[in-house]
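Line by line, the protein sequences are chains S and V.
The first sequence begins at 1 in our numbering and counts up by one.
The second sequence begins at 1 in our numbering and counts up by one.
FYI, nobody ran anything at the bench for these hints, they're computed from the structure.
Careful: at least some of the hints might be erroneous.
Estimated spans, in silico, between C-beta atoms of each pair [to be verified]:
#1 Pro223(V) <-> Glu370(S): 40 to 46 Å
#2 Glu370(S) <-> Asp285(V): 43 to 49 Å
#3 Ala145(V) <-> Lys556(S): 42 to 48 Å
Listed below are the simulated DSS-like cross-link pairs for lysine-lysine, each with C-alpha atoms no more than 30 Å apart in a straight line [said to hold, decoys possible]:
#4 Lys281(S) <-> Lys255(S)
#5 Lys574(S) <-> Lys57(V)
#6 Lys565(S) <-> Lys57(V)
#7 Lys589(S) <-> Lys330(S)
#8 Lys176(S) <-> Lys522(S)
#9 Lys176(S) <-> Lys255(S)
Note that the Cβ used here is the ideal one computed from N, Cα and C, for glycine as well.
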Amino acid sequence: MPTRPHRSAVTDTSRIRNFSIIAHIDHGKSTLADRLLERTGALDVREMREQVLDSMDLERERGITIKAQAVRLAYRSPSRGDYVLNLIDTPGHVDFTYEVSRSLAACEGAILLVDAAQGVEAQTLANAYLAVEGGLEIIAVLNKLDLPAADPDRVEEEIASVLGIDPDTVLRVSAKTGEGVDALLEAIIDRLPPPQGSPEAPLRALVFDSYYDSYRGVVCYVRVSEGTMGTGDRLRFMVSGEDLPADEVGVLTPKAVPVAALGPGEVGYLITGVKEIGRIKVGDTVTRRDHPATVAMPGYREPKPMVFSGLFPTDGDDFERLREALERLKLNDAALQWEPESSRALGFGFRCGFLGLLHMEIVRERLEREYDLDLVATAPSVGFQVVLTDGREVEIKSPQDLPEPTARREIREPLFRVMIITPTEFTGTVMELLREHRGVMGEMQYLSPERVELIYRVPLAEIVFGFFDQLKSRTRGYASLDYEPDGYATSDLVRVEILLNGTPVDAFSAIVHKDKAYTYGKKLVERLREIIPRQLFDVPIQAAIGSRIIARETVKAKRKDVIAKCYGGDITRKKKLLEKQKEGKKRMKMLGSVEVPQEAFIAVLQVDAD
Amino acid sequence: MPTDAVRADDPALADRAATWVGAYVHIPFCRRVCPYCDFAVVEGPGDLRAPYLEALKAEIAADQPFGGPLDAVHLGGGTPTSLDPAALGAVLAGLASRFGLADDAEVSIEANPEDLDAPTAEGLAAAGFNRVSLGVQSFDPAVLASLGRRHSPEQAGAAIAIARTSFASVNVDLIFGAVGESARSWESSVQRAVDAGIDHLSAYALTVERGTPLARAVLAGAPAPDPDDQADKYLAAESIAAASGLVRYETSNYARNGHACRYNLLTWAHGEYAAFGNGAHRHRDGRRSWNLRRVDRYVERSPAAVVAGEEQLDAWGRDVERVLVGLRRTAGVVPGIAGAALAGSAAGERLIAAGVLHAVADRLQVIRPLLGDEVGRALLALEPPPIG
Ligand SMILES: Nc1nc2c(ncn2[C@@H]2O[C@H](COP(=O)(O)OP(=O)(O)OP(=O)(O)O)[C@@H](O)[C@H]2O)c(=O)[nH]1
Ligand code: SF4
Ligand SMILES: [Mg+2]
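In isolation and in its complexed conformation, chain S is listed as follows:
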């Protein structure tokens, strides 16, 4: 038997608790994490700020969590001594459900947080079901008790009736004031099970996340299930077959702190010094070469992208840089998928798959900010299945790939199971909205006399673009939404093409339902007329289905573009002005002889064809 030198360095599993905080968006997960960090003295006053775990600029600007974030806390229980708590703060937005499932896979327990003023919402249920399916122990916690509108008794009822949780076990806190947090910490060590796994067993550690550091290369986040992993160990990545050394092993407190070793149940990071992206994949299992495990851990199911959009560098020379950026970002965003794409209008780029529009926006912004790229994103589209006349089935991710009508027998579009929770006064309104979006009613269930849950089957194309905003505005913000894939169905779909100056622009085409094609085409050309600046000549904008023109607008030729006067010979100033205008032009894309601003490519999103 090989020696196991790290035995003494690792924490006894009975002293470890691993849990995720899950909730509907904005119910206070990150704020609760702040309080837990504070109570355990993880950060000093100077380092502390609100939602400290939301460390990405984008998270702070938008006030939402995008990435799950793991942190190790040292908790000293007044009655029971020292514990190690591994907490994972998760995002609440439906686009990032994949982050939640990955986090839950690294835990034995979950804190299900519910806003005591808002009550159970769609992602409360969706995430709670994920935890139940994963066999996790759940502690239900009501948050925001300090709010005057908080109604903990009613919300407790809801939790009990919908999730079957014993109301007596529900805790009450205010993540803002810290009230109830001590009791919660005790409940965590009391009620959540410690991790299993023997330190003597062969090492198995799951890579649950990673990122690229320009100095240190690929950094992996791991959770050890069995065995031990220490600095200096020779490791094997079981799925990829890569052999790499453990240059550094450590924990996140949330600062990275190197440790001698990690044992069963422990969560931390691993640096192997590897710089080539692609040699390490999230979901892989790490073992030790001197004492290897035989079976890898289950890993993760690749998430299925919901929407696709083309990303093209504004400057064609940046294509390779974009590829590299996507590869690096993928390390930190396992849900991101792409393949090369070429567009007549935009040149070479990538067709990317995203989990939703927010995910799409975030990826694009991260690419532009973290990798200093300037990108054009084309109108997002869902994927379709097409049955060809010869009976073959193909998947298409871009409207431009749709086979000609003569070559196809039918088009199938993805359907989703949509769950909406709304106050009963809006039931009629919400049903109306769902009908407008081609929804078919499934079930209806009362959570309480005041709140109802509606389940519908709706084409994905109808819910990813703008549906949520409409739902919010028609229910004064009270309804919440969750959805999951639910098969495909044949549908009467057509491709609406846009012609600019008589030439079809592939990047503008969209596949829409026949009944909506006319309105869609009309609104889109109107929108494009507003967005496209006047040029040296008239620019006709047409929408067409096949060879039939269904809408037309014209951007009138520009007539005056000259500064009348040069003051007292100030040529320098005139040049500066022209230079500035020229920079504005650089951000435009030339389509044939027409200059098109970047926002035109997502104008499709602002078209509401109802």
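Following the hints, position chain V with the ligands against chain S.
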């Protein structure tokens, strides 16, 4: 002055202007600052007039003369006639003694109609000014009011008549496209100006300049000038002027034969000029530089310390600039390296196809001056050719 009795848009005249040298003097005082104006001006002469004149004299005396005498002098502002003719004559004398003045030199001064009575005009003529430029702007009382101008159409008419008896060449400045100005109003303003027997017309589109009261009003929701309306008015002015024998020789300037403004021509020919006063811009020895904009600071400093900034260009940058300014002239430019690069570029080809730019063997012209800035941007976007 004015000697070149050729058409104002004559290419040979345009190119010859590159060899002339000039001087600009800035007089920053205005009785009231107009809401659209962003020149380096101050309201009311206050007590800065005397020290300002002293500072001007000192700056002129400290400057280096050109190789030859001045072909053109321009006193602008501001409102030069806010100073008395004797004081303005003294400034001119200072220029003449330091730089020399060519026999046929154009000596021009800007004046507001309400200031130009007969004694003032005679005084200026006696001091050596042979051209006057009147800030008439419009003959429509409503438009004058909306531009914040203080004179009446009648005063303007009278000032033109007085000017014609005292000066060899008379220019009128008009502004078009103010919100509320009808096409008829504009056309009759132009007609009245040319009917009054002027030799030269400058017709400028009203522009909204950052930081002016007009810009603030537009930001707050007031209507901005409409570019299509301004395009119509531009074309109307061009045809009315042409019918009266005033030829458009630059984007915004028209003249009878022999009355093209020399100072203008030399500016657009990329010629060199000295400049004096606050905010004044000069072009000397291939370098552009400009003075401090604030009057009080300008007055405080010694002549050597009034320059606020400068721009030094390499050969390519200079050639780009030569083409940029030259293309404002109807006569166009000799293409040279930058012009040829422009004509051969993708953007240049688009402009030629759209009938904006016209390229023949040894001449490049903008034939749709209303789109001149399109050409300017295309020119500035060119990459310098590889060295060697
Ligand atoms: N009054 C009050 N406000 C709270 C409390 N907890 C959180 N908030 C506020 O609720 C908002 C959302 O809090 P976050 O902690 O960012 O919520 P989250 O669940 O992490 O949100 P996502 O990560 O985007 O899903 C913030 O404005 C918090 O200040 C609380 O106990 N009382
Ligand atoms: S008179 Fe001329 S310089 Fe003076 S404020 Fe009016 S526009 Fe400006
Ligand atoms: Mg959060």
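For a quick check of understanding: which of the numbered hints are violated here, in increasing order?
Of the numbered hints given earlier, those the structure breaks are 3, 8, listed in rising order.
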